[in-house]
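Participant: Next come the chains, spelled out residue by residue.
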Amino acid sequence: MRTSMVPTVVALLALLAVTALAGCASVQPWEKQNLSKPAMTFDRDRLEAGYTEHIYSSREAASGGSGIGGGGCGCN
Amino acid sequence: MQSIQGKHGNGKSRTVGALLASAAMLLPPVRSACADAPPEQAVVSVRYLNYHDSQKGDTDATAGMSRDRIDVQALSLYGMAPIAGKWSIAATFTEDSVSGASPAYHGAGFPADSMSGASAEIRYAGDLSVTRYFSRGTLSAGASYSEESDYISRGCSLNGTWSTESRNTTLSFGTAYSSDTLFLNNPAVVASKKSDTPGRKRVLSGLLGVTQVLSQNDIMQLTVTYAHGEGYYSDPYKDPDERPGKRRMFTFMTRWNHHFDGPDGTARLSYRYYGDSFGIVAHTFGAEYVQPLPNGWEVTPMVRFYSQSAADFYVPTGDDPQARPSVPAEAEHYSADQRLSSFGAFSYGVRVARELGRSWTADVQYESYRQRSSWCISGDGDPGIPSFTFRSVQLGVTRKL
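Line by line, the protein sequences give chains A and B.
Numbered by the numbering used here, the letters in the first sequence go through residues 1 to 76 in order.
Numbered by the numbering used here, the letters in the second sequence go through residues 1001 to 1401 in order.
Don't read these hints as lab results, they were simulated from the structure.
Glycine included, each C-beta is placed from N, C-alpha and C at the ideal position.
Just to be clear, a hint being listed does not mean it is correct.
[As the list claims (entries may be wrong)] Below 30 Å or equal to it, Euclidean Cα-Cα: the simulated DSS-like pairs (lysine-lysine) are: (1) B:LYS1246 <-> B:LYS1194; (2) B:LYS1201 <-> B:LYS1246; (3) B:LYS1246 <-> A:LYS37; (4) B:LYS1193 <-> B:LYS1246; (5) A:LYS37 <-> B:LYS1400; (6) B:LYS1400 <-> B:LYS1086.
[Stated by the list, open to error] Derived Cβ-Cβ restraints for the label pairs, each shown as a range: (7) B:LEU1356 <-> A:LEU12: 44 to 54 Å; (8) A:LEU12 <-> B:ASP1264: 32 to 42 Å; (9) B:ILE1083 <-> A:PRO38: 52 to 62 Å; (10) B:PHE1173 <-> A:SER26: 22 to 32 Å; (11) B:THR1181 <-> A:GLN28: 44 to 54 Å; (12) B:LYS1400 <-> A:LEU12: 37 to 47 Å; (13) B:GLY1079 <-> A:GLN28: 44 to 54 Å; (14) A:SER26 <-> B:ASP1264: 21 to 31 Å; (15) A:PRO38 <-> B:GLY1079: 39 to 49 Å; (16) B:PRO1328 <-> A:SER26: 52 to 62 Å; (17) B:HIS1052 <-> A:GLN28: 44 to 54 Å; (18) A:VAL10 <-> B:PHE1134: 44 to 54 Å.
Next comes chain B alone, as it looks inside the complex:
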């Protein structure tokens, strides 16, 4: 090296440049850092979910309201295959089984036979997407379908990305449309909402985002989405419940990933702002840390905090939180759905994954979640709402073909 430097005045910089270029060729492809490149291998995955939730009357106001609510078992399949070097096709299929019951209002008003072993509701859902890869971007078209006994949803979407020449910045854009049909002749539908004419709901949404490499160890993403929905937004099984026929939703999400050289781990942080025309404002904070371990193991602890304000038309509990609330006089819209009340939620979990050879990966994920009216950071929570908890377990296996 010294002799080369001696012969050429700028030999050092040339040599360093050549070494860096050689090193770059040995590095793994950087396609996932910012822009997408065509996949080289097909992938298939299968994943199982076991979910259970319950409410707990653990305050003086909610004493006696503890009970189990919903159980869900779900199985999903995913497949993705590259086509002709510039295309890929991906599909998912999900079947889930839901049993138990939710309250008709607040934390009460459960159907009388909800715990008598009634048969589970089955939902089938699937989606298909085709992606075209360009030298500095992607374009993806997708379609989705979901069906259960009283609800059908159909959707389509178009998403794209475009990267700068340095691939340090990627712009994302997308639009989606969904059309849902609610069947209101189910025996369990609230009497005043029963109808042989299905309810319909249509939502048009758009997305704009930017992903930016900030340093060798930092990458950030900002995404703005807006959705405009019209149609049947009331819940056929809740009473009292009469919601506006339009809902405009706005979200602003920012995510930041940081790599730590020492432990070779990655911190993944996120914040989401949500506001809608129901008057609900929500904040979501998420953090997880991905730590690779010897022998192909990887551990990811995670925490999440969520807080929302109440909808403008939320009807709070009265002196007796188990009594059916009365609708305010001359109110056009009203709902006693606890999901429209003001509350905060904290969850924690862990995912443990292991590579099994070159092609297989298996993981198990556990999450514990608790929702409390007193944990909201904006507005006053409804003290008559019992705390709500769920725990979920996911098992997944993935194989590269």
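With the rest of the complex left out, here is chain A:
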């Protein structure tokens, strides 16, 4: 891959760094009122996400990133 190993290494280091934060986070269950709001989740409306990701992936070379699964189509 011409993109070299640098992004891969950076990504894995970032993953490790965030995982290491697990021991630092001290947010208690009763402090998660704001975190429990739907807007704070990373889940999107499944149909909206399906349309939007499909449009982008058929008009741009890059695709994916937030999840895997689902099949391809002839538009890209």
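Please arrange chain B on chain A, whose structure you already have, making use of the hints.
Facilitator: This is chain B only, laid out in the frame that chain A set:
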């Protein structure tokens, strides 16, 4: 409270702890903050998409190349139901209708009858997933199928999550496999690619991610995905176009949500790095702000910027951007597909949603998108490519049962 404190040396801390514990019981469940919990209600949704794109020859080099390209109308259904407290099943079905045409190369070479009202192409797609919920994680198995006249895709996936005891950290993992079949005997297929033997493409992908609560108002997610594909990657309708038979794709995505106490709104920021063995590197930045309003209304403005470099084998336009490009001598791989060129894209949009009673939610979403060769942040864009625009409108209704 004072009397309790007077009787016990650490009475204050005990009292505060009891109050906090009581308050915690009154708060909404925190299942969505980091880890998934079994859904309590079934959900059904229906969503409609209206999409239109066009190209604009708005520079000296691309003058005269303006035209409409593709129209899409789509209707999707989604249903999810909890089962026995520890399981859920979800399914989607989509039917879309595509009309119009795309260029055979760069921004030109459209089929002669593409604007004569030829019948639309219909695609049917569906997926089904079953999820098992554990005390600190989930495991989900899914299958998908998509069919159109010249393309069939079948896929399966396995995804899981695991949370720490505090539920401040959730690890995600997944793997997926898809097998696609391209039928090359369609009359519109480029003559040199016509064949009664279908083309096949198989992609195996994996995902690793971590979601981390950073504070009472901040949560972050990092996701790495890698996909390895083999098979027919060329486009049967583009000419000249001969792509490698393998494609390795790597993405690194980070998302950060921040809640603002004052307006009770949420900023959602994202960045994605993409690199593949075609030589394409892309960066995607996204931002949206979710603002609840009185009477159940919610407004979400959003912006997105995307930039990609060109594929190693991209063949740029020549002196005449409407002329069919010649293939470089002895080139093994080549393509004049503008989606493999270097460009940048900016889009903006807004979603307006409203709760209708306790069970119903309706929303409308609009997006306007423009792609320009001169907006790329890496490499030089191809000035012979006309700018590309689309606008999309989505209407959705959801009901909790």
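Participant: Evaluate each hint against the coordinates.
Facilitator: Against the structure, the hints come out as follows:
1. The hinted pair formed by LYS1246 (chain B) and LYS1194 (chain B) meets the criterion: a straight-line CA distance of about 21 Å does not exceed 30 Å.
2. With a C-alpha separation of about 9 Å, the suggested pair LYS1201 (chain B) and LYS1246 (chain B) falls inside the 30 Å cut-off, and the hint holds.
3. In summary, the hint linking LYS1246 (chain B) to LYS37 (chain A) is not supported, as the alpha carbons are separated by about 42 Å, beyond the 30 Å threshold.
4. Taking the CA atoms of LYS1193 (chain B) and LYS1246 (chain B), the gap is about 18 Å. The hint holds against a cut of 30 Å.
5. Between LYS37 (chain A) and LYS1400 (chain B) the CA atoms are separated by roughly 17 Å; this keeps the pair inside 30 Å, and the hint holds.
6. Taking the CA atoms of LYS1400 (chain B) and LYS1086 (chain B), the gap is about 18 Å. The hint holds against a cut of 30 Å.
7. Against the hinted window of 44 to 54 Å, the Cβ-Cβ separation of LEU1356 (chain B) and LEU12 (chain A) comes to about 45 Å, which satisfies the hint.
8. At about 36 Å, the beta-carbon gap between LEU12 (chain A) and ASP1264 (chain B) stays in the expected band of 32 to 42 Å.
9. Taking the beta carbon of each, ILE1083 (chain B) and PRO38 (chain A) are about 23 Å apart, not inside 52 to 62 Å as hinted.
10. Separated by about 26 Å at the C-beta atoms, PHE1173 (chain B) and SER26 (chain A) satisfy the suggested range of 22 to 32 Å.
11. Between THR1181 (chain B) and GLN28 (chain A), the C-beta spacing of about 52 Å keeps the proposed range 44 to 54 Å intact.
12. Checked against the given bound of 37 to 47 Å, the beta carbons of LYS1400 (chain B) and LEU12 (chain A), roughly 39 Å apart, stay inside it.
13. A hinted range of 44 to 54 Å is violated for the C-beta pair GLY1079 (chain B) and GLN28 (chain A), which are about 36 Å apart.
14. In this structure the supplied range 21 to 31 Å holds for SER26 (chain A) paired with ASP1264 (chain B), their Cβ-Cβ distance being about 24 Å.
15. Take PRO38 (chain A) and GLY1079 (chain B): their Cβ atoms lie about 19 Å apart, and the range 39 to 49 Å is violated.
16. Hint check: PRO1328 (chain B) to SER26 (chain A), Cβ distance near 60 Å, so the stated range 52 to 62 Å holds.
17. Under the hint 44 to 54 Å, the C-beta atoms of HIS1052 (chain B) and GLN28 (chain A), about 50 Å apart, fit the expected range.
18. About 32 Å separates the C-beta atoms of VAL10 (chain A) and PHE1134 (chain B), a value inconsistent with the hinted range of 44 to 54 Å.
Hints 3, 9, 13, 15 and 18 from the earlier list are contradicted by this structure; the remaining hints agree with it.
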